[in-house]
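Here are the chains, one letter per residue:
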Amino acid sequence: MQEPRAFLQRAAAKTRDEEHRLKILKAIDTYTRVVEQRKHTQFRDWRQARQLAARIKDDVLARLPELLQQFEERITARGARVFWAETAAEARQYILDLVARRQARVVVKSKSMTTEEIGLNEALQHAGVDVWESDLGELIVQVAGEKPYHIVTPAMHKNREDVARLFHEKLGAPLTQDVEQLTMIAREHLRHAYVSAEIGITGANFILAEEGAIVMTENEGNGRLTMACPPVHVVLVGLEKVLPSMRELALFLPLLATSGTGQQITCYNSIVRGPRQPGEPDGPEEMHIILLDNGRTELLAQPEFQHVLRCIRCGACLNACPVYRTIGGHTYNTPYQGPIGSVITPHLRGFRQWYHLPFASSLCGACSDVCPVNIDLHHLLLWNRHRAVEREHTAAPGWRLAMKLWAWGMRRRKRIALLRPWLRLGTKLLLPLLPGAQRRRVPSMAEHSFARLWRDHERQKSHF
Amino acid sequence: MRVSLFIPCLVDQVYPEIGLSMARVLERLGFELHYDPRQTCCGQPAFNAGHVSEARSVAENFVEVFREARVIVGPSGSCTAMVRHFYGRLFARHPLAAAAGDLSRRVYEFSEFLKQYVPADRIRGAFSAKMGFHNSCHSYRELGITDEHVAFLQHIRGLEWIPLPGEPVCCGFGGLFSFKFAPIAETMAKTRLDMFLEAGCDTLLSNDPGCIMHLRQEVQARGLPLRILHLAELLDRAME
Amino acid sequence: MSARNRIFEKLRQAMRPASAEALPDVRDADVYRDYPSDPASLFELFKTRLEELRGEVYRVGDEVAASDKVVELADSVGGSVMVQPGEPMASLLPGLAERLCDRLVDAAAVADSADFARVEVGVTAADFLIARTGSVLLRTISSGGRRLSVLPPFHIVVARASQMVPSLEEALNGLKGLSPDWSYAALITGPSRTADIEKILVLGAHGPKRLAVVVVDAA
Ligand code: SF4
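Protein chains in written order, with our numbering: chain A, 1 to 464; chain B, 1 to 240; chain C, 1 to 219.
Hint data in this document are derived by calculation from the structure and do not stem from the laboratory.
In silico DSS-like cross-links for lysine-lysine, where the CA-CA straight-line distance does not exceed 30 Å:
hint	chain 1	residue 1	chain 2	residue 2
1	B	K180	A	K414
2	A	K428	A	K414
3	A	K26	B	K130
4	B	K180	A	K23
5	B	K190	A	K23
6	A	K26	A	K170
7	B	K180	A	K428
8	A	K23	A	K170
9	A	K26	C	K199
10	B	K130	B	K190
11	B	K190	A	K26
12	B	K180	A	K26
This structure is a prediction, so every number in the text was calculated from the model and none was measured.
Extracted from the complex, chain A is given alone in its bound form (with noise of 0.2 Å):
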């Protein structure tokens, strides 16, 4: 089936699911309660900051190829390996080539979406590797063999009793709705994936250009052990998550903290800057960085669409998107779902399959307002709209003629009061073809059109 349609599909599927839907907004309004009671608590104020993380990132998408030559040059004088992919399949190939080198039979890998974007899980466990999730909301939905629900918590839509129970029918464990003993379930489990695998791989939230490391964020130190064990730390990462220096993860990890959890600053905040060095006591011997291009210098060439490489993943812009919270995260289909992954979807993989997503929003705007780095998104799934209609040509020949009819007619007074008996008409001979939800959807015209009642109006105040 054509992905528009099986979205449409889906998306139907989850609005009758009043479970689901009433699991997510209970998540949801905790997160927003938080997270707007941080915002308040810890920022002097809040616009002001976001505006500030926008200019710096803007500044950054103007000076890019210099800031990745510099992280390149310093990284590598310390041993680590660098390596540009311009696309998904060069990148997973590098991972299955280094595979192969180290005879690697056991991978584990802290939460990435960059992984998601190349579907790395598939490619490893095809090349029969162990593939090993660590981070717990990560880990549930792998062993669930689902996709992640939602880029900052995966498994936002399973409750303690869904997790009891597929621990206890797929890990074995004894059958218990404590959350803090599941959690235990999946620490155990774990402990040794860390000590036998071979590589660990992980994501980077930022790429800090002066001091040649990475960062990344997490809260359960199952990053940490992914990149303090395994011999091989393998780092993927987009190429625009640049920042100039530390200096600015005095803003950004506070910034991507809040809007990410409601957390002043989340649990670990590891700077890695090369692979295990003389007078260390441990660390990987290799380390290599996997640099992704995978369309973002496209939308980077786009004067436009530009901006939205400022963004740092935080995933507030799904929490807050009542579209979001109404399909869930699966009915994207994405490894970016929500607002954000609507606008940036078409563009990495091709408006052909994937135009319908910014269409399906309703353009509120709520995305926009929360978002830490000031991204137009709303306005950018407009844009989206426009060129998915006026450069890619997805629109359906039904709807093109529609509009055409609609704008000739719209175009003059006389053309609409020629028109409209025969509309009235024609919608009600039509109206019970369309599926119900459609059905109620369709206005019924008024007898008179107001430029008619108006008519009458000004007659009458002329008759007293």
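Fit chains B and C with the ligand to the known structure of chain A by using the hints.
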């Protein structure tokens, strides 16, 4: 002051009484009204559906019609936002660019206009309702209209204002979105209406005919005990 | 042409001139409402913040008292203890080895992570303590490597009061001034945590379940 009425297509064709209410209220407040029946639509439906050239061809008519108007007032936040904020883009490098750009300073959404040009104590009347305000997303985010905006209703006796928690939440209308993605839009309307019902409202007040249509459809389909009113309708009845 | 060159080519073509306006020089004090303005209260703020996150904070008068505290904390969980070898721990925690006896695991003797995973308590130094956020900043080279502060279920940090700074900004500036031959630094704010199930907070997801910071006052 002479006011040119901006009657959006949805009001013209589906809810003419909202337009008439607005006209009557403005007349009662002493404004001289002018309505040019050549006006049709601002082009927003096509613009938001991605069909830019169709939107432009319709908007050209709008610009021609309102070229000479001094003050333009319309009962819709999103249509006002279209003219004020998106005509610049729509008419970039177009012969009408200057005329279109000029409109942005003269077009007002109804409540903005009242707030700016009418002293609150001139708006008097009575209407009994447990009232919640549904600010449309475009009026909130593109025009900057907040809940405090309707403070000019303070002299209407009998209104009990019920505060709704948080920022305005979308009702799921979104133009053609509500048709193309009807099941999503319907559930969004339900979620939004539940907020009003839970807060204990019997009336929902809005400033956008799009939201009003969408919410009325949902109220009707589910037989909910909620009355949906446009600000103009409320004032028209209250000031009688 | 290699992928690297092709990407650079695309990047260069996409470049537009940066805004001529210089970036404003913004300090943490301008951004954060809760920036500590009174230097005397830094320790109290640090303690409040870290305790809110269920970390433990102890202030001791001198090195001997620090040793006592670490032994007491280690006793509270039992099991083996690994202390970061060499300085500054030797002078921060005098006589600790004798007091822990055979519970003390020799860092040099434990090579692979599997053995390491059996250690119950990891004791390390730190580079900075950050009052505003209740955080500890440490580098591998100053804190016994990457594993010692994350693999054992109980992490004890011993630091001097003089290492306290008001905010992240000062800590990051300070980090720049330290010897640069480290590969890894961790900014730690509380014991490991998760809220992945129903947004309910659980401590000790993968990293330490307990974090204690022992602050030694200047002698
Ligand atoms: S677009 Fe903004 S709100 Fe959405 S994930 Fe990115 S940074 Fe967060």
